[in-house]
Each structure stands twice: as C-alpha cells, then as structure tokens.
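Student: One letter stands for each residue in the lines below.
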Amino acid sequence: MTAIKVYVPRDAAACSVGANETARAIEAEAQRRSIPLQVVRNGSRGMLSFEPLVEVTTPAGRVAYGPVTAADVPDLFDAGFTHGRPHPLAHGRTEEMDYLKKQERLTFARVGIVDPRSLSEYLEHDGYRGLATALAMEPAAIVAAVTASGLRGRGGAAFPAGIKWKTVLGAAGPEKYIVCNADEGDSGTFSDRMVMEGDPFVLIEGMTIAGLATGATRGYIYLRWEYPDAKVALDAAIEAAYAAGYLGANVCDSGRRFDLEVRLGGGAYICGEETSLLESLEGKRGQVRFKPPLPALQGLFGKPTVINNVITLASVPIILDRGAEHYQHFGLGRSRGTLPIQLTGNIKRGGLIEKAFGVTVNELLYDYGGGSLTGRPIRAVQVGGPLGAYLPESQFDTPLDYEAFTAIKGMLGHGGIVVFDDSVDMAAQARYAMEFCAIESCGKCTPCRIGSTRGVEVIDRLIAGQDADKQETLLRDLCETLTYGSLCALGGLTAYPVLSALNHFREDFVKLSAAGVPREA
Amino acid sequence: MTSPPPRRVIPIKIEPQVKLSTADRATVLGVCGRLKNLPGALLPIFHGVQAGLGYVPKDAVPLIAHELNLSIAEVHGVLSFYHYFRKEPPGRHVVHLCRAEACQSVGAAALELHAKRSLGVDFHGTTADGAVSLEPVYCLGNCALGPSVMIDDRLLGRVTPARFDELMTGVRTGSGPAPAGKSS
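Protein chains in written order, with the numbering used here: chain A, 7 to 527; chain B, 934 to 1117.
Treat the hints as calculated values from the structure; they're not laboratory data. Where hints are given, some of them may not hold.
What the hints assert, rightly or not - Taking lysine-lysine pairs in the BS3-like style, the calculated list, with each CA pair at most 25 Å apart, reads:
| hint | chain 1 | residue 1 | chain 2 | residue 2 |
| --- | --- | --- | --- | --- |
| 1 | A | K450 | B | K952 |
| 2 | B | K1020 | B | K991 |
| 3 | B | K991 | A | K290 |
| 4 | A | K309 | A | K450 |
| 5 | A | K309 | A | K172 |
| 6 | B | K969 | B | K991 |
| 7 | B | K1020 | B | K1049 |
| 8 | A | K290 | A | K172 |
| 9 | A | K297 | A | K172 |
| 10 | B | K1020 | A | K290 |
| 11 | B | K1020 | B | K969 |
| 12 | A | K297 | A | K107 |
| 13 | B | K969 | B | K952 |
| 14 | A | K290 | B | K969 |
| 15 | A | K309 | B | K969 |
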C-alpha cells in the first residue's frame, strides 16, 4: 500500500498561524496510529482564512480541511480524514471550493499544488516547457511573443514588458543583466512572496527566458530581507536548477549561459523603485537615479538591464508555453492577461485571487471576501499599496483595470487591496501616508524629502483645526508640488492616498468646513 | 640649489586600528574576505556581518572600508541608509512589528501601544533584561492575517495583545514558539 499524501503548506503566511505545528502533529499522530502517510509541504492555495489548510489525496482528487490547528489533528484522524471523509472542517474537493473555482490561475497555476522544493514535480506540472519553446526561437521572436501577449509590468507601473525587453535586445552587449524586483514593499501585497515560496522554479524559468530573449547572461533577484522563507526556497531551487543544467554555462545544452543569484535588501521601501534598486544592488545608498538614461540602456553597473517584477517574470513561461494568444485572450482593453489580486486587511476571507482584469472591487469584497472581518460595514479600501488611492463605497464598482483606476485618480499598482471598516479614521490614514513618505524618502529630491515632513505638520494642524481652510489650501498645494516635482513615484504618488482621503472622507478632518464655516468636532 | 628632501613613503595599506574584540574582528574580516570580490559587495557584507554579530559595529566600518578600498564615509553612508542594519547590539531576540496599512486595519496601532508599554521600550529599544529588541517594519507580506510580527526570522499572524504577551513569555523562557538565534 502506498503512503497517503497529506499536504500542509510551508508558506510563511500558513506557518504564521501554525502550519508547522499542524504538520508535526499529523506526522506524530500517523506514527502513533501506524498509518503510512507522507506529509508534503506545498505552497499556499491562497485561501488564507482557511490556513493552515490541510489537503489529502483521494481517488476523487485532493480534499481540503481547514483551518486545522495541531489540536484538531486527533479528531481529524478519528473522522477518517486520510480517506477524505466528512468532518466539520472539511470543504470537499479543493478545486471545487468557491474561492478557487472561479479563479483564472495562469501565473499561480502550480502554487499550492506542487512541492516547491521538487524540480521533478515542477517538470511533471508543465514546468520548463516555456523555456523549451524559447530555446527553439530567435531572441527577437521571444520578445515579439511577450509583446503580443500584452503583458505589462506587474510591479505597479504597468509598462509593457515586451517593449522593455526589445530595448535591451537592441542595446550593445555583451554584458547585460536581468534583474528581478522582489522588493515587494507595498502593504497589502504578498503575491511575489507566494510565488517565490510556492513555485520558485517558475521565476527562475522566466528570468532564464528573459536572458535568452535579450542576450543577458546574468540575473539577480533583489529580495527584501523581510522574506526569509522566500530566500530559502529560491536558494534551494537555484541550486537544483544548476544541478540539473537549467542554469549555468550551458543552459539545457544550448550553449547559452545564464547565471542567477539572490541578493537581500536592507529594509528600504524606496528600493522597490527600479533605479534605486539598481543602486542598492551596486552596493550604494538606494537613491533614485535620473531618467534618462533608461535602465534598459544603462542599468546595473551601467549595462543594459531588464528590470521586472516577480509576477511579470513568472508570467513569461506560460506565455511561451501556451502562446501569446492564449494569455492575451484574458482581460479587457489594454489590460491583458490575469492579475494576482491580494485581498487583505479587515476582510473575512482574505487571500490571493488570480483573475482576468475586469473584476470589480465589489465582487472581490463581498463574493470572495465575504465582507469585513469585524462584521462592521466596509468604509474604505486602499488599492495599490501605500501610494494608492482610498476608495469610498461609491467607487467599489470600479473594475480592476489599469486605465479605469487612472481615471479615478488611483492606481492598481501591484494588485493589493486593503480593507477598512467604519472604525477607520481617514485623517489618520492621510497623515500616515505622509509620514510613510517621510520615513522612506531617499532624500534625493526636495519635494519628497522636505514636502513629506511638512505634509505631516500641515495635516496635524488641519486635524487640530488651526485655520483649517488655509491648511487645506496649503495641503492641496503641497500635494501638487509633490506630484509634479518629485523625481520618482514615492513623492509623486503620495498625493493619491492623501487627497483621496480628503476628498472622499472630508468628515474625518473634523474641524474642516464644508462651505467655509468651521464646524465643531 | 638644494637637493630635494628624502622621499617619505606613505603606506596606504595600513589596517585600521579599531576597537573590536579579536573574535569580532575575525568575523568581519572573514565576511569581507569571502564576499569582497562580488560585484556590489557592500550589502552582502553588511548582511554577513549582521548575521554573525547581530549588528554592524561602528568600528567595523573602517575595517570594511579598508577591505573594499572605499572611504569610511562611503561605507558609513551606505550603512546608515538602510533601516535593517543595526548599529547597536540587539537583544537576544529581535521583534519586528508591522506598522503598515493592512495591519493597521485590524488593530496594529493598539498592538504597537501594547508592545511598547508591556516591554517598556520604544521602537529601536532593547528591554532591560536584554531579551527583546523592538523594531518597526513596513509590511511582512502577511496582510490577510494581520496584525503581524516577526520574531527573529519567524513570521506570526493574528497577533492580539494577549497573544503577543504569550509570545514574549515564550521567547524569554526559551520554550518557543520562536526559535533562538539571530535573524538572517
């Protein structure tokens, strides 16, 4: 009799609520009952409210139980969970769970399914097929496929990936670099982390394809220190890829070289900005560079460099494998393909939802999320990280689409949605946005360095009601200076959360008058 | 016309005299020796020193500068830019508490107040018994299961003030759940 396979995620989020303890308890209980059983540590399925989510293989497919704490384990064995039998924590077949069933998983196709430490499982689940296709293509044809897929940078700026790659391909070599931006600093985002921990080979494959497409022979993954589990997963996968000939001097016997290593950041949010990331990789202060020159022409160590986000690069293998047409078929308008959305904050069922562009905020909050965690009305959501706009309920029908968000003076960013219930103080959130900008400013340009500190002071006076109307005028003026005078998106976008809070939640800035008449708090 | 004075040779490879214990000095030099030929070696070296010593001592700066043939100002400038690198020795455990929006929405501000009060320290401080250093962090990537903290390199979610107290008791008595050791 072959051992029953039981899956318990090793994803950091799952472990943050006890997955390691659950896994140990299952192994111990199986031993005690002499049940042959193999515990596989997979990535997370992304249904984080059910973590630790335990799955067991049955003839009908994988069956899910969750959230399973170590204390629940003996009871699960009593109920016969190793045969997929019913239990109050059972959810039936994992693939049929509402949260997963309606998703369109392309980039996350394997996350939560495979053992991230196993190259052979990666290969069994269509891994390295994109690279095989790419190896048979001319560099220009690979670039053309990425362009035709409509893939835009998933880090936040949404720049077409194919155009960036084309610039690097056309730049003078031989020294060129592929840099993966894994400095996922936006609050409300974790899709990069989940891919790196749950399916690290797909990122390695995507970067290797980028190398083939542009003539780059060395790649760096710039990873934030806050993700130690991702570091372990990536290092293990890189070692396995080298050992199997997928990295190194002769990638898959093609005669092409591609080397890859992980570098850790130092806890500076600004290093998610591409030029300061490059400075940091060079061993310098993470200060923003002027553009031009574009990193594609003079990037890392002054050489032509592709710099893309984790999700962008991890989406490349499936584009090469299934074809640009297949990927571009998802989405709407100029937002093609899928977006891994992260539903977070004060939400009952938070997690990762990969969907074609076009799903509305409302559908995410209520159909997937099930409303707020506290059960109170949802008052505001912030989309796109700390530099994204706060949306009031009247804007919850906005579809997730790059252009739709630009139209409401917001941004989709890296696809993070942070939910707040009606206890939120939006004036405090506006103040925090300025404070965050002040803490994380690299200091190179004056509007961001000084403006953010002045911004905190102005908001403090505004909240205190000292000449509130004058302070409002000053704050709006300051936001304009930040928007148009900053060197990069940190200062340039801080006005989004500040002004959206002020415009949509005026009542929270208590002493501010509606029509020039000061109100009492 | 007088003959020029005899030329004085100024040695430029003087190893700087710094106040580091022999062991710490060996750690810093070992890390430098291993990593200094990497392109962009400075951050990997800081990480290596901090992994070995728990912080990057002020006196390691001239040594690193010397090893990399950089000025002390350059090395200091880079070191001081990054929040993660500590200039003072940490407590036995480092607790990073998330202050970012997703955790705010589920009570991070209250947790922060509680943590500071119960530990009797502000951010960047170390408790009197040397057990715990408290640091702010802006997102740990656990945004659907906040409030989040990281104890050494172990991430924890849904941390209520009561759970925080349990965790602190755990690290002080060594009964876990956070494993001992410095964050990597």
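Student: Evaluate each hint against the coordinates.
Tutor: Cross-check of the supplied hints:
| no. | hint | verdict |
| --- | --- | --- |
| 1 | A:K450 / B:K952 | 34 Å, violated |
| 2 | B:K1020 / B:K991 | 6 Å, holds |
| 3 | B:K991 / A:K290 | 18 Å, holds |
| 4 | A:K309 / A:K450 | 23 Å, holds |
| 5 | A:K309 / A:K172 | 15 Å, holds |
| 6 | B:K969 / B:K991 | 19 Å, holds |
| 7 | B:K1020 / B:K1049 | 21 Å, holds |
| 8 | A:K290 / A:K172 | 28 Å, violated |
| 9 | A:K297 / A:K172 | 18 Å, holds |
| 10 | B:K1020 / A:K290 | 18 Å, holds |
| 11 | B:K1020 / B:K969 | 21 Å, holds |
| 12 | A:K297 / A:K107 | 44 Å, violated |
| 13 | B:K969 / B:K952 | 22 Å, holds |
| 14 | A:K290 / B:K969 | 14 Å, holds |
| 15 | A:K309 / B:K969 | 21 Å, holds |
Consistency note: the structure conflicts with the earlier hints numbered 1, 8, 12.
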